[in-house]
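Student: These are the residues of each chain, in order.
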Amino acid sequence: MGPNGAGKSTLIKVLLGLTPATSGSSNIMGFDLREEGHKARRMIGFMPEFDCLPKSETGIQFVTKMGRLSGLPKEVAYQRSHEVFNFLKMGDERYRKIMQYSGGMKQKVKLAQAIVHDPKVLFLDEPTSGLDPYARTEMLQTIKEIATVAGNDIVLSTHILGDVEDICKHVMMINRGRLVLNGPITDLLAQSGYVVDVRITEDPAPLQKLLEDKGLEVTPTEEKLQVRMESTDTIDSIVETVAGAGFSLRSLIPHQQSLDEIYISNIKAQQEIESQFSRMGNQVSAKKEKRRASR
Amino acid sequence: MGKKGASVMSPHVDGFGQRYRPLDHPLQSRREILRGFLTSSIWETVKNPLIILLLLFNSFFILIAVMMTYFGITEMTWVQPDVPVKYVERIMTDSISMYFIVGYWIFILYGAYIGPKLLTQPMEDRSVTLYTCRPITKLDYLMVRMGTFCTFLAFLTFLPVIIIFGVGIGLADIPFSDKLSLMWILPAGLGVAVLVMITVAFVSMAVSSLTNKMAWAVGGVFMVFFMPTVVGGVLYGMTGNEHFLAMSLWFNVEVVMNHLFSIQIMTHDIHWSLSLGILLGVSAFCLWITAVKVTTTEVGT
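Order-wise, the sequence lines are chains A and B. For what it's worth, my numbering labels the leading residue of the first sequence as 17, then goes sequentially. For what it's worth, my numbering labels the leading residue of the second sequence as 2, then goes sequentially.
Hints were generated in silico from the structure; no laboratory data involved. Cβ coordinates follow ideal geometry from the N, Cα and C atoms, glycine included. Treat the hints with care, as some may be off.
Unchecked claim - Where chain A lies over chain B, by a calculated footprint (3+ residues, C-beta under 8 angstroms):
1) 19 to 31
2) 133 to 144
Said to hold, decoys possible - Lysine-lysine pairs mimicking PhoX-like chemistry, simulated, CA-CA at most 20 angstroms apart:
3) B:K214 / A:K71
4) A:K71 / A:K122
5) A:K55 / B:K139
6) A:K113 / B:K48
7) A:K225 / A:K240
8) A:K71 / B:K48
9) B:K214 / B:K294
10) A:K55 / A:K105
Could you build the full structure based on these sequences and the hints that come with them?
Tutor: The following block contains the structure:
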């Protein structure tokens, strides 16, 4: 997962061998993607985020063709395509031209072509994008079933954290092409611990400074401050600070940190580090300029 | 497969809502995949209504060329029992060259439709991403697309040559040794067919690979074939320099064809080897452009 422009889709394209990596190497199931990309792709299915279906073909024609291209004989591809459409609860619409499909149906055809050859690794790029809540739930259940029944590995790329919490076991977070976080979702939530949401009637910026001066880890989010709970004393410390500075406390809610909050705090932390490096870089350049000028 | 507008649940929809089932069939080899891809690609091209229409139009010219051979030879046999072998040779070569002279413009129509349909359209609707994330390489993809076009054009260029040659040889009432002396017409005719095929296919595919807009590709193919002919003709008219005529691909095909068939109707001094060099050079350049574009273009953006 990662924000828009983080490099999620690019990473998938590199792993599919569709885009060359600028540096480093990549392999899937032991196949080096630069040399043996086509071999690796026998075991890979890919559902892209963007609209990429030929409008003049019917759903069944297209999925059968993709089945054949994935290595299924003609009759098997045709039969398997019907099986997949049945599984996706797509009835006689499969015989209609794709140009007549709704957004939800197009998502199903994209998923159908990705699973028609029962790939061992399935890349799904924003599979719930543009779906209504019902279709979204249906899509997530479908993905879950593919993983449980066939035991296939599914890589879900998304910035919708609800989807991740619903169906994923392992999370990798990237931002601006860099890995920010990596681990099982249960471990992340366990490690994340508890936080306290502090709301005051006044501007929270001065309170943030006071709390940080006391050694507390504070993250401003929208109109509240989120303080990491080190111990039960944290709450006492917050109350004392708020009362001491004369702020009016509106609410003080302790809770376990959600994936959204882990996500935001990690992205912010990375941005801060990058901006610090950038500032340091600017200072170094400025010093060099000064030295040159003085010479 | 086509069950357009089916309103009642079809038999295939019996297992509607069934659970996911893992695949219990082994996957084919890459070679078998490519063979299947080529077959389906050719079939998709041929069953297109516009192509069927063009094929019918094309068949009309094949028929005329065959009839020219048939009537030319049978009429001569009726008038003069001992037909001179030179006359049979002339009828056969004239029929073949007539077919290519008229047919070339139809081949360009094929080029302007099939080339963009095979290469540009998948880029326009971005389905090329779904093709290239299969167990084939981008070069395989290009080879299949190129193979589709060449197979199609080969059918329309090789077959008429073989038919005209067969009709001519079969009907001519000449001794067997004379028939043997006419055998050179077949490889010469097939040589012209290859030249027409690669020129039309490679140039059309190269133009089609340069854009992801169908309209641009179609227009571009016409421009590449027609503009040099027009510009070359105008420049020749203005300067009197015959070499400007060689800007036209079709002019060069005609020069090589006339040389192969020993037809002396041209009034210029362009050497056939120059024309052949231009055609092969342009075709090789176009093939290179297509290969580079298809293999390096990033898909799915």
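Student: Report holds or violated for chain A covering the segment 133 to 144 of chain B, Cβ cut-off 8 angstroms, minimum 3 residues.
Tutor: Since 7 is at least three, the answer is holds.
Student: Compare the distance between the alpha carbons of K113 (chain A) and K48 (chain B) with 20 angstroms, and conclude whether the hinted pair is satisfied.
Tutor: holds, 16 angstroms
Student: For a C-alpha distance cap of 20 angstroms, please report whether K55 (chain A) and K139 (chain B) respect it.
Tutor: Since the Cα atoms of K55 (chain A) and K139 (chain B) sit roughly 13 angstroms apart, the hinted pair holds (cutoff 20 angstroms).
Student: K55 (chain A) and K105 (chain A): Cα distance at most 20 angstroms?
Tutor: violated, 31 angstroms
Student: Against the 20 angstroms threshold, does the CA-CA distance of K214 (chain B) and K294 (chain B) hold or violate the hint?
Tutor: holds, 15 angstroms
Student: Sort out whether K240 (chain A) lies within 20 angstroms of K225 (chain A), counting only the CA atoms.
Tutor: Roughly 13 angstroms separates the two Cα atoms, so the pair holds.
Student: Would you mind confirming whether the straight-line C-alpha gap from K71 (chain A) to K48 (chain B) stays at or under 20 angstroms?
Tutor: holds, 17 angstroms
Student: Decide if the proposed pair is consistent with the structure: K71 (chain A) and K122 (chain A), CA atoms, cutoff 20 angstroms inclusive.
Tutor: With a Cα-Cα distance of about 10 angstroms, the restraint between K71 (chain A) and K122 (chain A) holds, given a limit of 20 angstroms.
Student: Are the Cα atoms of K214 (chain B) and K71 (chain A) separated by 20 angstroms or less?
Tutor: holds, 15 angstroms
Student: Are there three or more residues in the segment 19 to 31 of chain B whose C-beta lies closer than 8 angstroms to some C-beta of chain A?
Tutor: holds (count 11)
Checked against the numbered hints given earlier, the structure breaks only hint 10 and satisfies all the rest.
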